[in-house]
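Participant: If you read the protein sequences in the order shown, they are chains A and B.
For the first sequence, this note's numbering assigns the number 1 to the initial residue and increments by one for each residue that follows.
For the second sequence, this note's numbering assigns the number 1001 to the initial residue and increments by one for each residue that follows.
Just so you know, the hints here were simulated from the structure itself, not pulled from any lab data.
There could be a bad hint or two in this list.
[Claimed, not checked] Okay, the calculated beta carbon distance ranges per label pair: (1) A:G83 to B:A1205: 50 to 60 Å; (2) B:R1269 to A:Y76: 18 to 28 Å; (3) A:H238 to B:C1197: 30 to 40 Å; (4) B:D1110 to A:E189: 54 to 64 Å; (5) A:R269 to B:K1206: 42 to 52 Å; (6) A:Y90 to B:A1059: 51 to 61 Å.
[As the list claims (entries may be wrong)] Each computed DSS-like pair below joins lysine-lysine, with the alpha-carbon atoms no more than 27 Å apart: (7) A:K206 to A:K265; (8) B:K1010 to A:K191; (9) B:K1048 to A:K10; (10) B:K1236 to B:K1191; (11) A:K10 to B:K1191; (12) A:K236 to A:K206.
Yeah, the Cβ is synthetic: ideal placement off N, Cα and C, and Gly gets one too.
Number of protein chains: 2
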Amino acid sequence: MSELRWDPLKQNWVIIATERGRRPRDFQVEPESFSGESCPFCYGNEEKTHPEIMALREAGEPNQPGWRVRVIPNKYPALRIEGELKSRGYGPYDVMEGVGAHEVIIETPDHGRALADLSADEIAEVLGVYRARLADLSRDPRLRYLVLFKNQGSCAGATLSHAHSQLIAVPLTPPVAVTELRTCREFYEAKERCIFCDVIEFELAKGERVVKEFPNFVTLTPYASCFPFELRLYPKRHVHDFTLMDDHDLADLAVALKDMLCRLKSVLRDPPYNFILHTAPPRQPRQGKPEFWSSLEYDYHWHIELVPRLTQIAGFEWGTGFFINPTSPEDAATFLREAEI
Amino acid sequence: MSELRWDPLKQNWVIIATERGRRPRDFQVEPESFSGESCPFCYGNEEKTHPEIMALREAGEPNQPGWRVRVIPNKYPALRIEGELKSRGYGPYDVMEGVGAHEVIIETPDHGRALADLSADEIAEVLGVYRARLADLSRDPRLRYLVLFKNQGSCAGATLSHAHSQLIAVPLTPPVAVTELRTCREFYEAKERCIFCDVIEFELAKGERVVKEFPNFVTLTPYASCFPFELRLYPKRHVHDFTLMDDHDLADLAVALKDMLCRLKSVLRDPPYNFILHTAPPRQPRQGKPEFWSSLEYDYHWHIELVPRLTQIAGFEWGTGFFINPTSPEDAATFLREAEI
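Let the sequences and hints guide you as you build the complete structure.
Facilitator: Below is the structure:
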């Protein structure tokens, strides 16, 4: 059973997840690498995973081949759906059971294809599965925040090479989200505008950090990028919640996302990367009480954040929270704009 | 010239440091690896670095062999000592010149010896140089915060293998420091006690996370460790500022630090790691106005934080600020306590 522990010094919760029981020697082994035959995410190996939560398939039985996108519980979940939410004190600390959800979205049955290699139609199906799982978990009032992310490449934290993304639902609003939600809230209260909409408008007018503009989406390098070649993909229209996107929106998004991934692959020769889907938190009240962040105006603006893993987070970054980026976002945008894809 | 850019969404400054001018292909090369002959940190190659800022040597001229510990400006500084502090608006953002300092402390002339391999007396000399450089930079009223850190191993961000640490001085108090300083301030205001002293007292009483206790110092694994085998080295006595440590203190600290590094090396087979010296910020008023964090009681408690780099910071961590740690701090402490050193 994992635990959430409160650090009173850093003012943050940490998930101590000992399901894998990692001992000193476990950190010296290379990430698992399965060929198609032994890979638990491939056709024919469905029994190697927990039973599926959902799948897109034409016909046939669950947990058999024939699917196009498949969602399963994580084998080593950071958080589990069973358990009690109550926290308790422990000396100067607090602790609570690790309640939440941890799912894996297998993006394709093909072992050798990355998300960037899928067609826009196939990517739209993956995005539709993201939407379905986010909408489903949003109904559980114990879950305060949902984070959908992808780790591609072992340097980016992936332990299996077969294309997949993950969805973790946490019982508390995490600090990165609190900062962004508070910023949006305060900006909206002061100006009755969305701060993301302001940033997007400014960037479209300036142009020097725009990588590619589509009718309904835009890809750009953030002005204050923490990492070289960091990217954002924004819907131009103000929508706080990704689950409100309809099938037409997802088809457009799939084209923009594929474009972004292919430019990255071309310019940086298939780098490891993380992407994170940032969307407004669920709005279900817990114990009759709505979460502060979900109780007022819909002032958030969903988006995708992509971080190629080209540099290490080192002592300075960890010790301060400041980042040193050796490539200007303007240069990065130029390289990405001119990419041959 | 580097720039500090304000991200209004994440509410943080980022340093865009383009001295190295890193283009896409630059990220595919391996970290530099010099043999003793070509290494700029070795004896006889002093002219390959900028002129030294200070050095410990018996006799002889500056920038010649004969030194034991040597401090030089970073060849590719993230921040420079020249420049103006004024920030200005730029659309929804803010920007200021990258004013600060970036120094390198070469811990030994021996190419093949790591910090853990030095004798306690040699480590005490390195710590004395830390103290001298921190004290010197503390006198510059433009510098709000000083961070002394070490990246050991290329996976921990080191670009040169020769043993060295770095000191960066920034013109703004960074977010990690703001959180800790605010916590200490609020705790002290409420209870007239130091929160770190409370944590240390609790841990010494419990014992299960204590790795090694010395008369004046203690090494432990934090209750809410973000990473496996994360460590803290605390002075038991309440001291807010590292530069107040006298030579006897540093001699004791060197013994404790060497013990910590040797345990880590033994249990995890010489892992890459980062350590960060957390100390109270300088107390010089800037433009006649003291920094909020340095103006009241001396409620901070200096310490060393050590993070072995065994796991990757991936999409979940980056997207939320929450961390998933697969090894309990109690297990880590047991392994480290039982290490043969």
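Participant: Taking the hints in turn, state whether each one holds.
Facilitator: Going through the hints against the structure:
Between A:G83 and B:A1205 the beta carbon distance is about 29 Å. The supplied range of 50 to 60 Å is therefore violated. With their beta carbons about 24 Å apart, B:R1269 and A:Y76 fall inside the hinted range of 18 to 28 Å. A hinted range of 30 to 40 Å for the beta carbons of A:H238 and B:C1197 is inconsistent with their spacing of about 49 Å. The beta-carbon spacing between B:D1110 and A:E189, approximately 60 Å, falls within the hinted interval of 54 to 64 Å.
In this structure the hint that A:R269 and B:K1206 lie 42 to 52 Å apart at CB holds, the actual value being about 50 Å. One distance hint, 51 to 61 Å for the beta-carbon pair A:Y90 and B:A1059, holds here, with the actual separation near 56 Å. Proximity of A:K206 to A:K265 is assessed by CA-CA distance (about 26 Å); at most 27 Å being required, the pair is judged to hold. A hinted pair counts as satisfied when its Cα atoms are at most 27 Å apart, and B:K1010 with A:K191 qualifies at roughly 18 Å.
Restraint check for B:K1048 and A:K10: the C-alpha separation of about 40 Å exceeds 27 Å, so the hint is violated. Distance check on the hinted pair: B:K1236 and B:K1191 sit about 19 Å apart at the alpha-carbon level, within 27 Å; holds. Only pairs whose Cα atoms come within 27 Å are accepted, and A:K10 paired with B:K1191 is accepted, the gap being roughly 18 Å. With a C-alpha separation of about 15 Å, the suggested pairing of A:K236 with A:K206 holds against the 27 Å cut-off.
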